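Peer 1: Here is how the chains run, residue by residue.
There are 2 protein chains.
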Amino acid sequence: MERSERGERILEVAGELLVAWGYGRVTIDEIARRAKVGKGTVYLHWKTKDALLLTVVLKAKTRALQRHLARMRADPLEVLPSRMMGAYYGDFLAEPVLRALYTDDVDVLGRLNDSSKKEFAELVALGDRVLCRHLEALREHGLMYEDTDVRHQQYALLATATGFFTAEALLFDRAPDTPEIRGGIFAESLRRMLETTPSYDAAAAAAPEIIALYEEFEARSAEEMRRQLRN
Amino acid sequence: MERSERGERILEVAGELLVAWGYGRVTIDEIARRAKVGKGTVYLHWKTKDALLLTVVLKAKTRALQRHLARMRADPLEVLPSRMMGAYYGDFLAEPVLRALYTDDVDVLGRLNDSSKKEFAELVALGDRVLCRHLEALREHGLMYEDTDVRHQQYALLATATGFFTAEALLFDRAPDTPEIRGGIFAESLRRMLETTPSYDAAAAAAPEIIALYEEFEARSAEEMRRQLRN
DNA sequence: TTCGTGACCAGATTCGAAATCTGGTCACGG
DNA sequence: CCGTGACCAGATTTCGAATCTGGTCACGAA
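Protein chains in written order, with the UniProt record's numbering: chain U, 1 to 231; chain G, 1 to 231.
Quick caveat, the hints were computed from the structure, so don't treat them as lab data. Predicted model, so just to flag it, every value in this text is computed and none were measured. Fair warning: there could be bad hints in the mix.
The list that follows gives simulated cross-link-like pairs (lysine to any residue, SDA-like), each with its CA atoms no further than 20 Å apart [stated by the list, open to error]:
{"no.": "1", "chain 1": "U", "residue 1": "K47", "chain 2": "U", "residue 2": "A169"}
{"no.": "2", "chain 1": "G", "residue 1": "K118", "chain 2": "U", "residue 2": "V37"}
{"no.": "3", "chain 1": "U", "residue 1": "K118", "chain 2": "U", "residue 2": "A222"}
{"no.": "4", "chain 1": "G", "residue 1": "K117", "chain 2": "U", "residue 2": "K49"}
{"no.": "5", "chain 1": "G", "residue 1": "K49", "chain 2": "G", "residue 2": "L98"}
{"no.": "6", "chain 1": "U", "residue 1": "K49", "chain 2": "U", "residue 2": "V37"}
{"no.": "7", "chain 1": "U", "residue 1": "K117", "chain 2": "G", "residue 2": "K117"}
{"no.": "8", "chain 1": "G", "residue 1": "K117", "chain 2": "U", "residue 2": "E168"}
{"no.": "9", "chain 1": "U", "residue 1": "K118", "chain 2": "G", "residue 2": "D173"}
{"no.": "10", "chain 1": "G", "residue 1": "K118", "chain 2": "U", "residue 2": "L171"}
{"no.": "11", "chain 1": "G", "residue 1": "K117", "chain 2": "U", "residue 2": "A169"}
{"no.": "12", "chain 1": "G", "residue 1": "K117", "chain 2": "U", "residue 2": "K39"}
{"no.": "13", "chain 1": "G", "residue 1": "K61", "chain 2": "U", "residue 2": "A222"}
{"no.": "14", "chain 1": "G", "residue 1": "K118", "chain 2": "U", "residue 2": "A175"}
{"no.": "15", "chain 1": "U", "residue 1": "K117", "chain 2": "G", "residue 2": "K59"}
{"no.": "16", "chain 1": "G", "residue 1": "K117", "chain 2": "U", "residue 2": "F172"}
{"no.": "17", "chain 1": "G", "residue 1": "K118", "chain 2": "U", "residue 2": "L170"}
{"no.": "18", "chain 1": "U", "residue 1": "K117", "chain 2": "G", "residue 2": "T166"}
{"no.": "19", "chain 1": "U", "residue 1": "K117", "chain 2": "G", "residue 2": "E224"}
{"no.": "20", "chain 1": "U", "residue 1": "K118", "chain 2": "G", "residue 2": "E122"}
{"no.": "21", "chain 1": "G", "residue 1": "K118", "chain 2": "U", "residue 2": "K47"}
{"no.": "22", "chain 1": "G", "residue 1": "K117", "chain 2": "U", "residue 2": "R174"}
{"no.": "23", "chain 1": "G", "residue 1": "K117", "chain 2": "U", "residue 2": "V37"}
{"no.": "24", "chain 1": "G", "residue 1": "K118", "chain 2": "U", "residue 2": "K117"}
{"no.": "25", "chain 1": "U", "residue 1": "K117", "chain 2": "G", "residue 2": "L171"}
{"no.": "26", "chain 1": "U", "residue 1": "K47", "chain 2": "U", "residue 2": "E223"}
{"no.": "27", "chain 1": "G", "residue 1": "K118", "chain 2": "U", "residue 2": "F172"}
{"no.": "28", "chain 1": "U", "residue 1": "K118", "chain 2": "G", "residue 2": "K59"}
{"no.": "29", "chain 1": "U", "residue 1": "K118", "chain 2": "G", "residue 2": "K49"}
{"no.": "30", "chain 1": "U", "residue 1": "K118", "chain 2": "G", "residue 2": "K118"}
{"no.": "31", "chain 1": "U", "residue 1": "K117", "chain 2": "G", "residue 2": "K49"}
{"no.": "32", "chain 1": "U", "residue 1": "K118", "chain 2": "G", "residue 2": "K117"}
{"no.": "33", "chain 1": "G", "residue 1": "K117", "chain 2": "U", "residue 2": "T166"}
{"no.": "34", "chain 1": "G", "residue 1": "K59", "chain 2": "G", "residue 2": "K117"}
{"no.": "35", "chain 1": "U", "residue 1": "K117", "chain 2": "G", "residue 2": "K61"}
{"no.": "36", "chain 1": "U", "residue 1": "K117", "chain 2": "G", "residue 2": "L98"}
{"no.": "37", "chain 1": "U", "residue 1": "K118", "chain 2": "G", "residue 2": "L98"}
{"no.": "38", "chain 1": "G", "residue 1": "K117", "chain 2": "U", "residue 2": "A207"}
{"no.": "39", "chain 1": "U", "residue 1": "K117", "chain 2": "G", "residue 2": "R174"}
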């Protein structure tokens with residue numbers, strides 16, 4: 001049995017348990033039992049329980065990021081905030097761990113949020129820079145309005161995204177029926193808020209730089225996940 | 001000493017205490033002591049502790065609503081979502097009770113949120129209808145885009161507002177400096193998202209109906225506050 | 001008679017110490 | 001040499017006793 005294969009199974013089980021039980025109730029014993037390994041084996045892979053569960057979350061985020069990259073490579077128009085976030089929205093709601101992260105919040109993730117804030121502060125800062133550069137690239141190619149400070153556009157984007165994710169839990173009883181429709185409203189809102197008339201050629205010109213930005217972010221995420229391992 | 005004056009002082013003290021201590025730590029004894037009345041006197045005014053604190057919140061909301069009405073009466077352009085919410089944003093952040101309601105949430109308000117959800121379900125539903133009619137009126141006067149379902153516009157508005165309020169606490173470390181700037185970004189976002197080129201005349205034509213809607217809401221709120229009293 | 005009050009009660013909440021559980025280690029065995 | 005589970009210290013839970021708090025109401029002042 002391969003070491004990495006074993007690690008994958010532990011991660012998988014940990015993810016299921018995290019969603020089903022929530023951070024506080026997940027135990028390393030139960031993870032080991034379900035993954036059919038000894039408890040000590042878990043600690044051969046990750047430094048601590050937090051490191052393991054942080055990896056679960058980071059992995060889920062990375063999967064969404066990879067799908068995002070694939071979409072951008074296949075269709076340059078996916079670099080537009082509306083397209084990017086609309087698709088992200090669907091991915092996030094479909095990924096149970098991330099859905100929990102954005103809707104149930106405290107109950108499921110417990111202090112994992114605080115933990116990750118400290119542990120990943122650097123990564124979050126990089127994410128901020130990446131998004132800002134992304135928007136700047138779009139502006140340079142005439143795909144976004146330039147009559148506003150890019151920092152303000154970034155804040156508007158983040159705040160609006162926060163709103164649509166939070167609304168998922170907060171307004172669930174007065175929201176339009178399907179996630180697809182809500183995602184559509186989200187995308188349309190961002191388009192009107194930020195984007196000029198889309199141009200395929202401009203998007204194709206901007207895409208390489210933007211893709212490179214997210215590839216760097218992906219690499220940095222992978223590095224961060226490695227940093228959570230024992231060796 | 002007037003009965004209503006006494007009630008006002010109790011409300012005021014209760015508000016201060018609610019913000020300073022949070023729902024769980026506020027006691028009727030302490031409210032009575034600070035308001036210099038007997039404990040039983042508090043119960044001559046309100047049915048329960050929850051009724052009292054619910055009234056504190058409702059009163060704060062009503063004050064913001066009244067300022068909103070005054071602004072609309074003074075300047076018809078204030079009926080535009082961007083203008084309305086931009087000013088609301090400032091008011092809400094300046095009103096400690098409401099600021100707590102939208103930023104600290106659980107810690108300060110405790111189970112008051114759930115309590116109000118049940119108690120004020122009807123009022124919330126009316127608020128929903130009022131907002132929807134408000135948007136419909138704007139559309140009829142050509143002040144908002146009509147190429148989208150009004151329900152979807154309402155959801156976008158609510159989700160975005162939720163986002164900017166939540167972001168106030170969630171993104172505090174990476175947000176633009178002043179509340180005024182953040183309020184400006186919020187307003188500008190809504191304008192681009194929902195509004196056509198503003199016309200004073202169209203706004204003036206739409207204003208009376210819209211003002212009437214919120215006056216009805218204000219009346220209904222006052223009625224609800226009365227319903228929390230003993231007699 | 002009317003209005004305000006605080007002593008009082010039941011039930012909720014808190015406290016604290018004992019009992020249990022869990023993250024993390026490491027000596028052992030396959 | 002790699003995987004393991006018994007083991008330990010410290011964290012968490014339990015649960016009954018002690019305390020606190022929302023709400024009442026008999027009483028007394030006006």
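Peer 1: Taking the hints in turn, state whether each one holds.
Peer 2: Here is what the structure says about each hint:
For the proposed pair U/K47 and U/A169, the alpha carbon gap of about 34 Å is over 20 Å, so the pair is violated. The suggested pairing of G/K118 with U/V37 is violated, with an alpha-carbon distance near 48 Å, which exceeds 20 Å. For the given pair, U/K118 sits about 18 Å from U/A222 by alpha-carbon distance, which is consistent with the 20 Å threshold. Simply put, G/K117 and U/K49 have alpha-carbon atoms about 37 Å apart, too far for the 20 Å limit, and the pair is violated.
Of the supplied pair hints, the one linking G/K49 and G/L98 holds, its CA atoms being roughly 19 Å apart against a limit of 20 Å. Annotation: proposed proximity of U/K49 to U/V37 holds, straight-line Cα distance about 15 Å (limit 20 Å). Restraint check for U/K117 and G/K117: not satisfied, since their Cα atoms lie roughly 31 Å apart, outside the 20 Å limit. A C-alpha spacing of about 17 Å is found between G/K117 and U/E168, which places the hinted pair at or below 20 Å, so the restraint holds.
With a C-alpha separation of about 13 Å, the suggested pairing of U/K118 with G/D173 holds against the 20 Å cut-off. About 15 Å separates the Cα atoms of G/K118 and U/L171, which keeps this hinted pair within 20 Å; it holds. Between G/K117 and U/A169 the alpha-carbon distance is near 14 Å, which keeps this suggested pair within the 20 Å criterion. A C-alpha spacing of about 45 Å is found between G/K117 and U/K39, which places the hinted pair above 20 Å, so the restraint is violated.
Distance restraint check for G/K61 and U/A222: the Cα-Cα separation of roughly 47 Å exceeds the 20 Å cut-off, and the hinted pair is therefore not satisfied. For a cut-off of 20 Å, the pair hint linking G/K118 to U/A175 stands: about 18 Å separates their Cα positions. Using a Cα cut-off of 20 Å, the hinted pair U/K117 and G/K59 is violated, with the two alpha carbons roughly 37 Å apart. Annotation: proposed proximity of G/K117 to U/F172 holds, straight-line Cα distance about 13 Å (limit 20 Å).
The hinted pair formed by G/K118 and U/L170 meets the criterion: a straight-line CA distance of about 14 Å does not exceed 20 Å. Between the alpha carbons of U/K117 and G/T166 the distance comes to roughly 17 Å, so the proposed pair stays at or under 20 Å and holds. Using a Cα cut-off of 20 Å, the hinted pair U/K117 and G/E224 is violated, with the two alpha carbons roughly 42 Å apart. Taking the CA atoms of U/K118 and G/E122, the gap is about 42 Å. The hint is violated against a cut of 20 Å.
The hinted pair formed by G/K118 and U/K47 fails the criterion: a straight-line CA distance of about 46 Å is larger than 20 Å. Between the alpha carbons of G/K117 and U/R174 the distance comes to roughly 13 Å, so the proposed pair stays at or under 20 Å and holds. A C-alpha spacing of about 47 Å is found between G/K117 and U/V37, which places the hinted pair above 20 Å, so the restraint is violated. The straight-line distance between the Cα atoms of G/K118 and U/K117 is roughly 34 Å, outside the 20 Å bound, and the hint therefore fails.
Of the pairs offered as hints, the one joining U/K117 and G/L171 holds, with about 12 Å between alpha carbons and a cut-off of 20 Å not exceeded. This hinted pair checks out: U/K47 and U/E223 have alpha carbons roughly 15 Å apart, not beyond 20 Å. Between the alpha carbons of G/K118 and U/F172 the distance comes to roughly 15 Å, so the proposed pair stays at or under 20 Å and holds. The hinted pair formed by U/K118 and G/K59 fails the criterion: a straight-line CA distance of about 39 Å is larger than 20 Å.
Pair hint U/K118 plus G/K49 does not hold up; C-alpha atoms about 39 Å apart against a cutoff of 20 Å. Our distance criterion of 20 Å between C-alpha atoms is broken by U/K118 and G/K118, whose separation comes to about 37 Å. About 37 Å separates the Cα atoms of U/K117 and G/K49, which puts this hinted pair outside 20 Å; it is violated. Using a Cα cut-off of 20 Å, the hinted pair U/K118 and G/K117 is violated, with the two alpha carbons roughly 34 Å apart.
For a cut-off of 20 Å, the pair hint linking G/K117 to U/T166 stands: about 17 Å separates their Cα positions. A hinted pair counts as satisfied when its Cα atoms are at most 20 Å apart, and G/K59 with G/K117 qualifies at roughly 16 Å. Restraint check for U/K117 and G/K61: the C-alpha separation of about 33 Å exceeds 20 Å, so the hint is violated. This hinted pair does not check out: U/K117 and G/L98 have alpha carbons roughly 27 Å apart, beyond 20 Å.
Using a Cα cut-off of 20 Å, the hinted pair U/K118 and G/L98 is violated, with the two alpha carbons roughly 29 Å apart. Between the alpha carbons of G/K117 and U/A207 the distance comes to roughly 46 Å, so the proposed pair goes past 20 Å and is violated. The suggested pairing of U/K117 with G/R174 holds, with an alpha-carbon distance near 13 Å, which does not exceed 20 Å.
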